[in-house]
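Asks: As they're listed, the protein sequences go chains V and R. Quick note, the first sequence lines up with residues 0 to 190 if you use numbering that gives the first Met the number 0. Quick note, the second sequence lines up with residues 0 to 190 if you use numbering that gives the first Met the number 0.
Check before you lean on any hint, since a few could be wrong.
For chains that are exact copies, the list does not tell them apart, and a pair is met inside one copy or across any two.
What the hints assert, rightly or not - The list that follows gives simulated cross-link-like pairs (lysine-lysine, DSSO-like), each with its CA atoms no further than 30 Å apart: (1) 91 <-> 9; (2) 146 <-> 167; (3) 20 <-> 99; (4) 63 <-> 167; (5) 63 <-> 166; (6) 166 <-> 112; (7) 150 <-> 167; (8) 166 <-> 150; (9) 7 <-> 166.
These are calculated hints, taken from the structure and not from any lab test.
2 protein chains.
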Amino acid sequence: MYNIEKIKEKLIEDIGERRYKHSLRVAQLAQDLAQIYEVDEEKAYIAGLTHDCAKYNEEKYIEKLNIDISTYNVISLKDPVLHSFIGAEVAKKVYNISDKDILDAIRYHTTGKESMTILEKIIFIADAIEPRRDFEGINNIRDASRKDLDKTMLMLLDSSIIFLISKKAIINPLSFIARNYLIEERNGKTR
Amino acid sequence: MYNIEKIKEKLIEDIGERRYKHSLRVAQLAQDLAQIYEVDEEKAYIAGLTHDCAKYNEEKYIEKLNIDISTYNVISLKDPVLHSFIGAEVAKKVYNISDKDILDAIRYHTTGKESMTILEKIIFIADAIEPRRDFEGINNIRDASRKDLDKTMLMLLDSSIIFLISKKAIINPLSFIARNYLIEERNGKTR
Numbered sequence: 000m001y002n003i004e005k006i007k008e009k010l011i012e013d014i015g016e017r018r019y020k021h022s023l024r025v026a027q028l029a030q031d032l033a034q035i036y037e038v039d040e041e042k043a044y045i046a047g048l049t050h051d052c053a054k055y056n057e058e059k060y061i062e063k064l065n066i067d068i069s070t071y072n073v074i075s076l077k078d079p080v081l082h083s084f085i086g087a088e089v090a091k092k093v094y095n096i097s098d099k100d101i102l103d104a105i106r107y108h109t110t111g112k113e114s115m116t117i118l119e120k121i122i123f124i125a126d127a128i129e130p131r132r133d134f135e136g137i138n139n140i141r142d143a144s145r146k147d148l149d150k151t152m153l154m155l156l157d158s159s160i161i162f163l164i165s166k167k168a169i170i171n172p173l174s175f176i177a178r179n180y181l182i183e184e185r186n187g188k189t190r
Numbered sequence: 000m001y002n003i004e005k006i007k008e009k010l011i012e013d014i015g016e017r018r019y020k021h022s023l024r025v026a027q028l029a030q031d032l033a034q035i036y037e038v039d040e041e042k043a044y045i046a047g048l049t050h051d052c053a054k055y056n057e058e059k060y061i062e063k064l065n066i067d068i069s070t071y072n073v074i075s076l077k078d079p080v081l082h083s084f085i086g087a088e089v090a091k092k093v094y095n096i097s098d099k100d101i102l103d104a105i106r107y108h109t110t111g112k113e114s115m116t117i118l119e120k121i122i123f124i125a126d127a128i129e130p131r132r133d134f135e136g137i138n139n140i141r142d143a144s145r146k147d148l149d150k151t152m153l154m155l156l157d158s159s160i161i162f163l164i165s166k167k168a169i170i171n172p173l174s175f176i177a178r179n180y181l182i183e184e185r186n187g188k189t190r
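Isolated chain V (complex conformation) (with noise of 0.2 Å):
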């Protein structure tokens, strides 16, 4: 169904080796959380190997593909949460990648939502835990991500508020969104 060897050529191109190396680790580590939650392993594999895909390139993107981004919620062109709604779009439009699973797991991959599919989890995790991935705390994620992906998305995401707030930076309102909903789904509520 994927031409997989001419995704991976036009990926090189886009955003270099370097990049591209991230992606086969994220792709790779996608397929086989998606082989233990028991969710379709193609997919995972295509969304961990695009979810970069606009990296580098959003500002070209955005005037190549004429995309709005007034409804994305960033604060700048240097956002980094612009690539993953950019990446959606470039990997419908570029990639010609029309399955919406897989352009929603690129889509939210950096800021999480509430509600989020298995495969979502499975893309925003692999991302941030592929091999060559380094902080503290780490490895109890890894463990986590093997037995429980919503205790993984929560480790992460208090992971990632907290780093921001260490840095005095913007944290993408999404990303709040996400971790209320877990806690509450955790606690039970009823929506």
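Once you have looked at the hints, place chain R on chain V.
Replies: Same frame as chain V, now just chain R:
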């Protein structure tokens, strides 16, 4: 204009002596801060005095005043932000305070919000650091409160978010919005 003695009598009845004494300390500190930042000292005193007027009686007042809490974005009747939102209604309808500045300062004293007035910031801050409050780092925050309200707000919001994360508790979205707004403002974003 305000019958302060009557307000005080009603308050002791409603919230008990312990919480009443806290309210007196908040009122006094709010008045001091109002003097420093050159806003209406009487409004600050009244807002500080009545900020907790609905506390412990949330359910009673919801029924009595026929308050629709569905718009409050609260999780449950135990949500600690409930007393502030209901407090604004109680201050208006039970304590006969009609001044919108005071009512808004009561309404947002727990969560904060974006684009707060000086009076709103003062009540939020006075509640958090009145002389009997004690938590790690409070002395730095007390020092900051006499020099820079926005810096103080950010310190308090960050410290509260980190505390709630450590408790795995829900964080009210308004607090995130308040925090991000202060950061954006500091970074010079024009809205």
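Asks: Are the hints correct? Go through all of them and say.
Replies: Cross-check of the supplied hints:
no. : hint        : result
1   : 91 <-> 9    : within (14 Å within a copy, 64 Å between copies)
2   : 146 <-> 167 : between (33 Å within a copy, 19 Å between copies)
3   : 20 <-> 99   : within (25 Å within a copy, 58 Å between copies)
4   : 63 <-> 167  : neither (33 Å within a copy, 43 Å between copies)
5   : 63 <-> 166  : neither (33 Å within a copy, 46 Å between copies)
6   : 166 <-> 112 : both (22 Å within a copy, 21 Å between copies)
7   : 150 <-> 167 : both (26 Å within a copy, 11 Å between copies)
8   : 166 <-> 150 : both (24 Å within a copy, 14 Å between copies)
9   : 7 <-> 166   : neither (34 Å within a copy, 43 Å between copies)
Consistency with the previously given hints fails for numbers 4, 5 and 9, ordered from lowest to highest.
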